[in-house]
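Residue numbers (the numbering used here): 4 to 205.
Please note that a few of the clues may not be correct.
Here are the in silico distance ranges between beta carbons for each label pair [stated by the list, open to error]: (1) Arg-201 <-> Val-26: 53 to 63 Å; (2) Arg-151 <-> Ala-91: 29 to 39 Å; (3) Arg-11 <-> Gly-39: 16 to 26 Å; (4) Gly-29 <-> Arg-147: 21 to 31 Å; (5) Ala-95 <-> Pro-174: 20 to 30 Å; (6) Arg-147 <-> Val-173: 23 to 33 Å; (7) Gly-39 <-> Asp-10: 34 to 44 Å; (8) Cys-73 <-> Val-18: 54 to 64 Å; (9) Ala-159 <-> Ala-84: 55 to 65 Å; (10) Arg-201 <-> Gly-29: 51 to 61 Å.
The hints are simulated quantities; they were obtained by calculation from the structure and are not laboratory data.
Virtual Cβ for every residue (Gly too), placed ideally from N, Cα, C.
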Amino acid sequence: MRCTRCDRPAVPQAVGRTPEGLVVFGWCLDCLTKVGCTDVVVARPEARHARSRQVGRAPLEPISCHRSDCPRRRALALVIALLGGWGALLMASGGWMLWRRMPRVASPLGNGTPIFLLVGGAATAAIGLLLGALVFGRTLLRSRPVLRAVQGVAFAVALAILLVGVFHHVPRRDPLTVIFAAAALAVSAWAWTLERLRRVPS
C-alpha cells in the first residue's frame with residue numbers, strides 16, 4: 004500500500020485528524036506527523052464476531068427433536084409394512100382361489116370370493132401406500148426408483164383387477180371393479196408424472 008499524500012510505501016496506514024478538523028486516511032505515519040495530525044483509533048468489532056459465533060453454535064435442539072421422532076416413525080413404518088403385507092396376502096389368496104376354482108356357496112356379501120379378496124387386498128395395499136406417502140412423502144418422492152416401483156405395482160394391480168373382473172364377471176360388482184381399477188391407474192399415472200418431473204434438470 005502507498006501513502007495517498009506522498010505516494011511512498013506506507014505500512015501500516017493510519018487515520019488521523021488535521022488541525023483544521025479534517026479526517027484523513029491512507030497516509031503514512033511520517034505525513035501525519037509532519038502535518039500535525041492526531042491519531043484516530045478505530046475499534047475492531049470483536050463483540051459482533053463473538054455474537055455471530057454464538058448464534059452459529061446455538062441451533063442444536065432441532066436435532067434432538069428429530070431423534071425423538073424416530074420411534075414414532077419406526078412404528079408408522081411397521082404399520083405401513085403390515086398393511087402392505089396383508090394386502091398382498093389377500094390378493095394372493097384371491098388369485099389362488101380363482102386359479103383353483105374351488106366349489107363354494109354363493110354369498111350375497113361376497114365373503115370368501117376371489118374378487119372380494121382381490122379388491123380388499125388392493126384397497127388395503129392402497130391405504131398402506133397412501134399412509135406411507137403422507138408420512139415419508141418428502142423422502143420417497145425424491146427417489147426415482149421408488150416412483151418407478153410404485154408406478155409398476157399400481158399398474159399391475161389395476162391390470163389384475165380388470166382381468167379378474169373379466170374372467171370372473173359378476174354384473175353387480177362391475178362398479179367396484181371399475182372404481183378400484185381406476186384408482187390404481189390414477190396412482191400409476193401420478194407416480195409416472197412425478198418420475199418424469201424428476202428427469203427434467205433444474
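I'd like to know which numbered hints this structure contradicts. Please list them from smallest to largest.
2, 4, 6, 7, 9
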